[in-house]
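**Q** Protein chains in written order, with this note's numbering: chain A, 1 to 263; chain B, 1 to 376.
Don't read these hints as lab results, they were simulated from the structure.
The beta carbon of each residue, even a glycine, is placed where N, CA and C say it ideally should be.
Hints may contain errors.
Beta-carbon label-pair distances, calculated as ranges [claimed, not checked]:
1) B:260 - A:107: 53 to 59 Å
2) B:296 - A:151: 50 to 56 Å
3) A:39 - B:330: 23 to 29 Å
4) A:20 - B:260: 37 to 43 Å
List of simulated lysine-lysine pairs, DSSO-like, C-alpha gap at most 30 Å [what the hints assert, rightly or not]:
5) A:36 - A:59
6) B:96 - A:154
7) B:68 - A:36
8) A:254 - A:118
9) A:36 - A:55
10) A:118 - A:154
11) A:55 - B:68
12) A:218 - A:172
13) A:114 - A:36
14) A:55 - A:172
15) A:233 - A:218
16) A:59 - B:96
Take a look, some chain B residues computed to stay more than 12 Å from chain A by CB distance [to be verified]:
17) 19
18) 31
19) 32
20) 40
21) 61
22) 105
23) 177
24) 249
25) 321
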Amino acid sequence: MTDSTTTDETTNDTTTGGSVLWVARPMATAARQFAKSLFRPSTIVYPYERLEDPKFREKVEVASGKPIGVGQIWDNYRGVHALNIATCISCNLCAFSCPDICIDMVTVPGGDPKHPKKCPQIDYGKCSFCGFCSDACPEGCLTMTTRYGLTTSKRAEMVYSPQRLYDVYRTKLPMNPIRLARPENEDSILLDPPLCIGCNACARDCPTQCITMLDVPKPEAKPGEKLPKRIWKEPVVNDSDCVRCGTCISVCPKECLFWGTRK
Amino acid sequence: MSNATLYSVSYDLVHAVLFAIGSVLPAPLHGWIESDGLVTGLAVLVFGVILLAASMLNTILLIWWERKLLGRFMDRRGAMHVGYAGLLQNFADGFKLFRKDTVRPREADPLGFVTGPTAYMVTSMIMFGILPISSGWNSGALPLSLLLALAVFSFAPLFIFVSAWSSNNKYSLMGGMRSAAQMIAYEVPLLLAVVAVVIVAGSFDLTTIVYEQQNYWFWGPLFVALVVFVAGMLAEMERIPFDLPEAEAELVEGWNTEYGGMLFAFFMLADYLRALVGSILVVLLFLGGWTMPSWVPSVATSFPLAGIVWFMVKTYAVFGVFIWIRASLPRVRTDQLLRVGWNRMIPLSLLSVFLAAALVTVKCLPVFGCVPSPGI
Numbered sequence: 001m002t003d004s005t006t007t008d009e010t011t012n013d014t015t016t017g018g019s020v021l022w023v024a025r026p027m028a029t030a031a032r033q034f035a036k037s038l039f040r041p042s043t044i045v046y047p048y049e050r051l052e053d054p055k056f057r058e059k060v061e062v063a064s065g066k067p068i069g070v071g072q073i074w075d076n077y078r079g080v081h082a083l084n085i086a087t088c089i090s091c092n093l094c095a096f097s098c099p100d101i102c103i104d105m106v107t108v109p110g111g112d113p114k115h116p117k118k119c120p121q122i123d124y125g126k127c128s129f130c131g132f133c134s135d136a137c138p139e140g141c142l143t144m145t146t147r148y149g150l151t152t153s154k155r156a157e158m159v160y161s162p163q164r165l166y167d168v169y170r171t172k173l174p175m176n177p178i179r180l181a182r183p184e185n186e187d188s189i190l191l192d193p194p195l196c197i198g199c200n201a202c203a204r205d206c207p208t209q210c211i212t213m214l215d216v217p218k219p220e221a222k223p224g225e226k227l228p229k230r231i232w233k234e235p236v237v238n239d240s241d242c243v244r245c246g247t248c249i250s251v252c253p254k255e256c257l258f259w260g261t262r263k
Numbered sequence: 001m002s003n004a005t006l007y008s009v010s011y012d013l014v015h016a017v018l019f020a021i022g023s024v025l026p027a028p029l030h031g032w033i034e035s036d037g038l039v040t041g042l043a044v045l046v047f048g049v050i051l052l053a054a055s056m057l058n059t060i061l062l063i064w065w066e067r068k069l070l071g072r073f074m075d076r077r078g079a080m081h082v083g084y085a086g087l088l089q090n091f092a093d094g095f096k097l098f099r100k101d102t103v104r105p106r107e108a109d110p111l112g113f114v115t116g117p118t119a120y121m122v123t124s125m126i127m128f129g130i131l132p133i134s135s136g137w138n139s140g141a142l143p144l145s146l147l148l149a150l151a152v153f154s155f156a157p158l159f160i161f162v163s164a165w166s167s168n169n170k171y172s173l174m175g176g177m178r179s180a181a182q183m184i185a186y187e188v189p190l191l192l193a194v195v196a197v198v199i200v201a202g203s204f205d206l207t208t209i210v211y212e213q214q215n216y217w218f219w220g221p222l223f224v225a226l227v228v229f230v231a232g233m234l235a236e237m238e239r240i241p242f243d244l245p246e247a248e249a250e251l252v253e254g255w256n257t258e259y260g261g262m263l264f265a266f267f268m269l270a271d272y273l274r275a276l277v278g279s280i281l282v283v284l285l286f287l288g289g290w291t292m293p294s295w296v297p298s299v300a301t302s303f304p305l306a307g308i309v310w311f312m313v314k315t316y317a318v319f320g321v322f323i324w325i326r327a328s329l330p331r332v333r334t335d336q337l338l339r340v341g342w343n344r345m346i347p348l349s350l351l352s353v354f355l356a357a358a359l360v361t362v363k364c365l366p367v368f369g370c371v372p373s374p375g376i
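Just chain A, with the same shape it has in the complex (with noise of 0.2 Å):
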C-alpha cells in the first residue's frame, strides 16, 4: 500500500525535471497535429464534398499528394436500386425474396394489355438493403447503386416506384457487380401429368417463354370408362431457360406443376 502510494507519488509529480517534457511533449504533438490540418483538415464537408465525386476525389489526391484510400468500398455497396425496365421479365423473384416485404408489383406502361407487364416498386422505408432482391434478379436488371442520398420530408416520397428506379439506372452510377453463381442443381419445374388438363396458363404466364405445349396423345377409351374433359396437351419446360421464378407453379389450376429434381 505504502509502496504503490510512493510511487503514485513519484510518477504523478509534475514538478520533477520530467514536468518541462510533460508539458513541451503533448504540445509539440499538438503543433504538429495543428501544421498537418492547417490548410485542409481531415473533414470531409459531405453535402458540398461526396467521396463519390472524382473531381472532389481527384482534388484532394492532389491536394495531399496520395490517393485517399477508400475507393475499394464502392464496389460492393449496396445503396438506392437501379432497375433496366427494358430487361424485366416480371418474373416476381425480387418480390418473393424480399424479407422487408416492401417491393411490390405494379403495372408499368407498354405492356400487353391482356397480360400487363409488371415491374418492382421499393418502399424505402422498409427497405433493409440486404441485397437479396438484385442477387435474386435473373436477368440482372435490378441492381444496386452506390447511391445513399434518401433523405425526404414525405414518407410517401420514400416509395420509388419502377420510372424512378429506371432514372436511377439511366444515371449510370457504379451497379453492384457482385452476384450470385446459380446453385449447382437446382430444382426443376417437374409436371404430374395425370392431373394437368393442358390448360396453357403456364405455358402463357412464363416471363422466359420457355414452356412449349406438345400434344400428347389421346388414349382410347376403354369400354365404360369415361375420358377426362381435357385439352391433349402437356407443358415442358426447357430448364436451361428457366429462371425458376415458379409463376407456372402458382398459375396452375391444377396444381400439377410442381419443384422437384428431373431424373
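Please build the complex by placing chain B on the supplied structure of chain A, with the hints as guidance.
**A** Just chain B now, kept in the frame of chain A:
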C-alpha cells in the same frame, strides 16, 4: 501620434450631433441641447457604449477564434456554416440563448442566483474599461491602473461562489469551492509575477509600463515571471488544464450546472471576456503593448489605428497559445493543482521578483525581443 483619444472622439461626435440638432431648434431648447453638461454626459455614455460593443465583439470573436483553432488542433474545421467561415455562428448561439427562458430551481436563492452571474459579467466588463489598448484607447491615466485591474480581476471567485452557493446543487457547490480554492491559490504567484514587472518598469500605471517596453519587451528579461503569470492566468481563467471547477466528467458543468438561457450566456461571455482580459494583460505586461520593435518597417506601424491593430494581433496570438495549451494538456487533479500552485509557483515567482530586483540594481537589463527603437 495624434492626440485623439477614445473619449475625445466620442465627445466630438456627441458635440457635433447635438449642435447640429440644436441649430434648428428654438431658443430655449437650443441652449439646453448645447449645454456642456448634456454633451459631457452623453459623451460618457457613448464612450461606455463603444467600450461595451468592443468588448462584446472581441469576446464573441475570441470564441470563434477558439472554435476554429481548436478544430485545427483536432483535425476538424470548427464552426463553418453561419457567416463566412462560421464568423456569425456565435452570434446565432447568443441569440438562441437570449430567447430562452431562465429556469431557476425552486430551492435556489433568487437573489444570489441572479446577481452572481450578473456581477461576474459586470466586473469582467469593468476590466475591459480599465485596460489601455493603445495610446488613444485609454480610459484616463490612472496611476494605479494595474492594481485596480488586478483587484477587479480577483473579484470573480466571490461571485462564482455566490452563484454556486445559491444554486443549491451539490455539483455547483463543489465547483464553486474548487474555483475559490484554485483562484486564491494562484492569485498569489500571479501578483508576485506582476511585482517583478512593476519593479522593472517602476510604475503601476499600465500606460507607463507599456512605454517602458519601447526598447525591449519584458518577456525576455522576465521570462520566469512570464511563465508564472501565464500559468496563473490559465488557472484564473479556469481553462484547461486548470478547469477543475467545470470538470464536466465529474461535476456536470461545475458551478454553472443550474444555469441556462441568458444567465448561462452571461457566464459564457464573462469567461471569454476574462480570457480576453488575461491575454491583454500578458500583452501589456510582457509583450510591449501597442509598441512594435524598430525592425518592423514604419509602413506597418504608422497607418491609422496601427496601435490597436498590432495590440489585437498580439492578443489573439497570446490567446492562440492558450488554445494550444488547451488542445495539448489533460486536466490536472486538485492536489496536483494546489501543490503546483503553493509549492512551485510561489517560489518561482519569488525567484522572478529577485531576478527583477537584481536586474534593476546592477542596471544591466539584457536586451531581448527587440532592439532599441524610437517607439511609436
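**Q** Hint by hint, say whether it matches the structure.
**A** Here's how the hints hold up against the structure:
no., hint, result
1, B:260 - A:107: 53 to 59 Å, "57 Å, holds"
2, B:296 - A:151: 50 to 56 Å, "53 Å, holds"
3, A:39 - B:330: 23 to 29 Å, "28 Å, holds"
4, A:20 - B:260: 37 to 43 Å, "41 Å, holds"
5, A:36 - A:59, "17 Å, holds"
6, B:96 - A:154, "28 Å, holds"
7, B:68 - A:36, "15 Å, holds"
8, A:254 - A:118, "25 Å, holds"
9, A:36 - A:55, "23 Å, holds"
10, A:118 - A:154, "25 Å, holds"
11, A:55 - B:68, "27 Å, holds"
12, A:218 - A:172, "55 Å, violated"
13, A:114 - A:36, "67 Å, violated"
14, A:55 - A:172, "17 Å, holds"
15, A:233 - A:218, "9 Å, holds"
16, A:59 - B:96, "37 Å, violated"
17, 19, "52 Å, holds"
18, 31, "62 Å, holds"
19, 32, "59 Å, holds"
20, 40, "50 Å, holds"
21, 61, "20 Å, holds"
22, 105, "37 Å, holds"
23, 177, "22 Å, holds"
24, 249, "18 Å, holds"
25, 321, "9 Å, violated"
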